[in-house]
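Undergrad: Given chain A, work out where chain B should sit, using these hints.
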Amino acid sequence: MAGTLQRQPTVTPARRLAWRAGAVVTALAITTLFLALSGRDPRLLADLVVRSTVGSRFGLEDLALFLTPLLLTGAAVTVTGRIGVWNIGAEGQFYAGAIGATAIGLFLPGPSWLLLPLMAASGIACGMGWILVPALARAYAGVNEIITTLLLNFVAGLLTTYLAVGPWHDRVTGALASTGRLPVRIPEIWGVVHWGFPIALAIVLGLAWLTTRTRWGYQITIGGANEQAARYAGIPVRARILGVMLLSGGLAALAGMFEVAGTVHRLQGGLANNFGYFGIVVAVLARGSCLNVLPAALLMAFILNAGIVLQTQQLTSSAVLAITGLVLFMIAIADELAHYRPVTIRPVTPRPATSAEARP
Amino acid sequence: MTDLRHTQPDAPPPIAPGTPPILQLQGICKYFPGVIANQDVSLDIAPGEIHALLGENGAGKSTLMNVVTGIYQPDGGEIILNGYGQSLAAPQDAIRAGIGMVHQHFKLVPAFTVAENIHLGWRETPFRASAKTLEARTRALSDRFGFSVRPDAIVADLSAGEQQRVEILRVLARQARLLILDEPTAVLTPAETRDLFRALRAFRAQGNAVILISHKLDEVIDISDRISILRAGRNVGTYRTADCTAAGLATLMVGREIVRRDLRARAPGAAPIAPAPVLSLRAATCRDPRGVETLRDVTLDLHGGEILGIAGVAGNGQRELTQVLTGMMPLSAGEILLDGTPAPLADPAAFARAGIGHIPEDRLRSGLAPSLDITDNMALREYDRPPIGRHGLYDRAAAARLAGTIVEAAEVRVPDLATPIRNLSGGNQQRLVARREIRIASRVLVAAYPSRGLDIGAIATVLRYLTELRDQGVAVVLVSEDLEELLNVADRIGVLFHGRLMATIDAATADMETIGLLMGGRSTQNSPARDGGQA
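Chains as they are written, first to last, in my numbering: chain A, 1 to 360; chain B, 1 to 535.
Just chain A, same shape as in the assembly (with noise of 0.2 Å):
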């Protein structure tokens, strides 16, 4: 008998790796594909993105810009699900997190070493609110989590947009759509890129620590894959999708108030750019491991920075979300094609019956 593929249950990283590699080069391929067929010079694109991306300090500060709020979303979406929740809301809650900033650095005078602390435990703070009450349904009542964090975006969207040309908009520039500009700044360490990005990185790492070597972070793994073991165990489950989900909701909020107070300075309607939603997918690429929500960030971070250049370049910015998908869908096909090892089997030849038979 020939040999045959057969699926294994479990799939080393480093395999795993392989294969997802495999799969950014395929995307990546498909997409040049495409744009030399639609009649653009791919090689002249790929140089283009290379040198604004990774290949120039200008290229490589815009990356770390994106990097910031994308890794605190994509840490926000990957720890709940290590409880086995769905955090849809890192988009509302960013909105939240950069109202609340927004309040205290335009009405609130004082020093900026005063302020900043102030912007991020009131970003925080609205996040977590913004956040509770689908947290209570979902630990107390359970109501499905992804519904609920889901809705509440476009509630969020709309009260910044209603805040940045209602009752907080810049009345003394005329500025189109947005809140003045916000008179403290989250000082810069290296062009435009602020300290919100080493602390970014910082947090994640925690986070990495927090759920993989406290107690916490044991409750909330055995919560995640099984709860009903957990409670067997004791684990007081509920309370730990509610803090899981608070702390979710903090880490998207805190995103919003560095995108605020950091890079953009002032509230304006679109302000988080899709960041909570792209968190989602670098938490799907990160597997529910924080530590992994630092490559595919940047990778996230990357694929949003090439999309601006293309559309410099004419192409609709809708290519970005394209090339978004594509990436996802070949790594969702090269994460079970992992699975997948070739085996031969040795030919067996069929021998008559034993002689135990016995027939009655």
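Don't read these hints as lab results, they were simulated from the structure. Just to be clear, a hint being listed does not mean it is correct.
Stated by the list, open to error - Pair ranges (Cβ atoms, derived):
| # | chain 1 | residue 1 | chain 2 | residue 2 | range |
| --- | --- | --- | --- | --- | --- |
| 1 | B | R287 | A | V155 | 37 to 43 Å |
| 2 | B | A11 | A | H339 | 48 to 54 Å |
| 3 | B | A333 | A | W216 | 33 to 39 Å |
| 4 | A | A36 | B | D362 | 53 to 59 Å |
| 5 | A | T10 | B | A11 | 32 to 38 Å |
| 6 | A | P295 | B | R385 | 35 to 41 Å |
| 7 | A | T214 | B | P344 | 24 to 30 Å |
| 8 | A | L328 | B | R194 | 55 to 61 Å |
| 9 | A | N144 | B | A136 | 40 to 46 Å |
Ideal Cβ placement from N, Cα and C applies to all residues, glycine included.
TA: Here is chain B on its own, set in the frame of chain A:
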């Protein structure tokens, strides 16, 4: 269908010489990654016989039956039906060929009536299917095959035995000539088992055949005509049942001699039964969310150094009793005493810290996190205490050392501790859970169906764990549906029926029939005429 009822009823019918077997397997092979599930299995099933298939867990019985029912394709060998070679590409092919299987876990729609379940997905269901038509057809089928069912009853309201009759009737209605039953008596009372066997004999008398998969040797010897034994995926022999003894079959199954020892006998130096109870229930009552009493007025005492067996048909309050005893479920009324003082609120972690271990009924669903590795699963009970849990941390290295200790004590061979626990066999999972719980059970161990689904060797090991623990002075509660096991191991046996503890009797003097009556809801005082018992 040939009517052969002119001979003595229920006896195997005379078969004309040269009649081909209903089913003939020749050299069936089936492989999975790293596992030989079936290797060169040859078997034939003659018309008019009940053929028992014996084997330990993992011997390849289920795989073989999945091949026969078209769920798996064999990697080698031939399937010959009524003398003609045939390939069964899908379960539908097997049904069309007259092969019907009744699984251990019933595949009925609980919210539908019996008649609706019988007619579900059946080509002969009339287009205009009114409830009345379906019920009339069901009644006719029920009379024809001798499986009495109530056509208009909702399946969810039926007992396990009744549900099984529906399942069998469903298969028979589709003109099955070969009926495959997987552990059919596991959920039945002794009386229901007798009814089932009577019906199977009637089915055989019409020239049909039955393949019976079972672990219970006495039953197999009682009902079958021939016995085939699978071991490590191979057929190690087919024997006429008349030539077999239980001991001989057990030896063939495991490939070694099973020593049947009286497990109630204490080893020298064993702890005596403690006079004061360690854990007690006083008029304990539980209600489910609908307000139905699932545990009613149960009063019992657990003494160190003693095994209390809990008998009863599944679903009569066993789950609630184990959950109450381990702090997983609060009482609606009554109280639970630990060392004579009221126990804290229902908190499984607190009960575990108090030295109460719990081998849960469904280990994969509630005792383990299947996707996590062995280390994380073995730390489940001790993650919050040193050396693993210090200062709110989770020390993975210490957890791995603990897992290594448990794996060694359980004598389980594992590739490495990072293997997801779902990749282990059911028997190995059970051993690991048992060992994990025994470690923390310094005072009480509640073991719910610890031998369910295990092979003889693994059962012996788990029961030995329990008796060793008893000898160390721990109070053991053994919930089981296997009366023989309870009679062998327990010192006292309590019988649950509809949430009520019917009686607690001395195991040394108890007999199967009394327990069977209690399981059927008859208290001994109320039924002076024992022979009238058909509960």
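Undergrad: Each hint needs a verdict: does it hold in this structure or not?
TA: Status of the hints after comparison with the structure:
{"no.": "1", "hint": "R287(B) - V155(A): 37 to 43 Å", "result": "holds (40 Å)"}
{"no.": "2", "hint": "A11(B) - H339(A): 48 to 54 Å", "result": "holds (53 Å)"}
{"no.": "3", "hint": "A333(B) - W216(A): 33 to 39 Å", "result": "holds (36 Å)"}
{"no.": "4", "hint": "A36(A) - D362(B): 53 to 59 Å", "result": "holds (57 Å)"}
{"no.": "5", "hint": "T10(A) - A11(B): 32 to 38 Å", "result": "violated (53 Å)"}
{"no.": "6", "hint": "P295(A) - R385(B): 35 to 41 Å", "result": "holds (36 Å)"}
{"no.": "7", "hint": "T214(A) - P344(B): 24 to 30 Å", "result": "holds (26 Å)"}
{"no.": "8", "hint": "L328(A) - R194(B): 55 to 61 Å", "result": "holds (59 Å)"}
{"no.": "9", "hint": "N144(A) - A136(B): 40 to 46 Å", "result": "holds (43 Å)"}
Of the numbered hints given earlier, the model fails hint 5 alone.
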